[in-house]
Amino acid sequence: MPGPMKMRASLGQGFTDVRVLMTHPMETGQRKDSEGKIVPMHFIQNLTVKVNGRPVIEAQTSQAISRNPVFTFRLKGGAKGDKIEVSWLDNHGESNRTEAAIA
Amino acid sequence: MNSIRRALVAAFVLTLVRPLAALAAWNKEAFSAKTAGDALKSLGIGNPQPSKDLTVEVPEIAENGAVVPIEISSAIPGTTALIVVIDKNPFPLISRFDFKEGALPFVKLNAKLGETSDVRVLAEAGGKYYVTTREVKVTIGGCGG
Amino acid sequence: MKIVALAAAGLLAAGAWAQDTAKEIQRYREMIAEGSPAELFELDGETLWKKPQGPRNVSLEKCDLGRGPGVLKGAYAGLPRYFEDADRVMDLETRLLYCMTTLQGRTREEAVAHPFGSADKPSEMESLSAYIAAQSKGMRLEPGLLHPKEKQSFELGRAIFFQRTGAWDFSCASCHGQEGVRIRMQDLPVLDKPQFARPVMASWPAYRVSTSQFVTLQWRMNDCFRQMRTPEPTFGSETTAALIHFLTVTAQGETYNGPGIKR
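Chains as they are written, first to last, in my numbering: chain L, 1 to 103; chain Z, 1001 to 1145; chain V, 2001 to 2263.
Not one of these hints is a red herring.
Restricting the straight-line Cα-Cα distance to at most 27 Å, the calculated cross-link-like pairs of lysine-lysine (DSSO-like) are:
#1 V:LYS2151 to V:LYS2137
#2 V:LYS2137 to L:LYS6
#3 L:LYS6 to L:LYS50
#4 L:LYS6 to V:LYS2051
#5 V:LYS2023 to Z:LYS1088
#6 L:LYS37 to Z:LYS1034
#7 L:LYS50 to Z:LYS1108
#8 L:LYS32 to Z:LYS1034
#9 Z:LYS1052 to L:LYS76
#10 Z:LYS1088 to L:LYS37
#11 Z:LYS1100 to L:LYS76
#12 L:LYS6 to V:LYS2121
#13 L:LYS6 to L:LYS83
#14 L:LYS6 to Z:LYS1108
#15 Z:LYS1108 to L:LYS83
#16 L:LYS37 to Z:LYS1028
#17 Z:LYS1137 to V:LYS2023
#18 Z:LYS1100 to L:LYS83
#19 Z:LYS1128 to L:LYS76
#20 L:LYS32 to Z:LYS1028
#21 Z:LYS1108 to L:LYS76
#22 L:LYS37 to V:LYS2121
#23 V:LYS2073 to V:LYS2062
#24 Z:LYS1108 to V:LYS2023
#25 L:LYS50 to Z:LYS1100
#26 Z:LYS1108 to V:LYS2137
#27 L:LYS50 to Z:LYS1028
#28 L:LYS6 to V:LYS2050
Calculated directly from the structure, the hints in this document are not laboratory data.
Please read all numbers here as calculations on a predicted model, not as lab measurements.
With the hints as constraints, model all of the structure from the sequences given.
Have a look at this one:
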């Protein structure tokens, strides 16, 4: 069960600011746990940002993105009520998504 | 008529059955490259041109390499992708963003830097590549408050 | 003469470098603050606040944090303070523990079995602290100081701050009692002086990027004692509450802008 995901989409000057926070360990596969065992790689590989159902940003990311990633994107224009969706997929096949309307 | 309909049905069924994982591409070769040079070669990026219109904001000193904020904005007309490479990381390519109609070529992200390193950001616009590089010094922290 | 001039120039340059470094570190702190994972812990905390637990199977929603049962707005900014039902001064986490045992019927042992979490598993106290502290954002820190026990607690906290003890004969003041000192790259704030205590207390509890952990004031007290090679204090003890009280009073009036994000 992936941890909480939170997004805020707010209107700026001719653009929409989208800030999304995700819970994810983003394990590099190089860290050892308290028992000295290597913690296997576990990280988000893909991110998709959709506006009213249409993908506008496709991202590929590596294990070098910080744990509990925070991304900020900008969309052209935008109007109150537009539906923004951000979803991610990791190397284990796990995924999560969140939706918010532009405030 | 029959074969066309069958092909359409097959295509439709395939779309339903295809798992999410298959739809999302992840450039394993480029992300596995161990040097910045190899990563760029893998992405087919030859001689990127330095550009003042590709703005990269990073802190000059990062108190902790676990979270290094990088803010990128491209004013190069027709920018369709932004690529981030951390030269000294064990696997330098750390992300690629593809922008479609409706998105601005802008992103802010937090990256892990293993040590003081150049942060190399590339922009793809009109089939050409542009680059801006910034150095981030990574310190070891104190006892932490 | 030349040597003196060179040395003076060297010192000036070093001073300028130190100032530049401080400015760059400040810039780093500002950049990471824009988008802190602390909000994820706030979400977790909200779920925990509303979750029925313990033998009585009730949530914490009737817990009185000083502004009335269940009132969260401004509650953190008013802590630590005296609570009549417990007849003592309590900080946020001590008060949460009190509610867990009295409202939910949980035992102290169970409630604080793991008071400080890890990156993989935040503790209840950490998530709850994030959620509750966030409800005081923008409000002035006004810990209690009128009740006789509040005055006593403040004095006790101050005494402990300056009390040298433990294997290294350290007190809090050993690190936090003089200007211009640092450990590696971190400047050590003088915590018995309002001008330095204020920005510090306005940013706790906080998300710590180096460990991906959310850290609280009870954790900070515990860890400072550990770093001083002094026996670690009991969670929610009079000592920890008094120290937190002393620090918050020293910072009183400052606008709370947490939960924060730190190295």
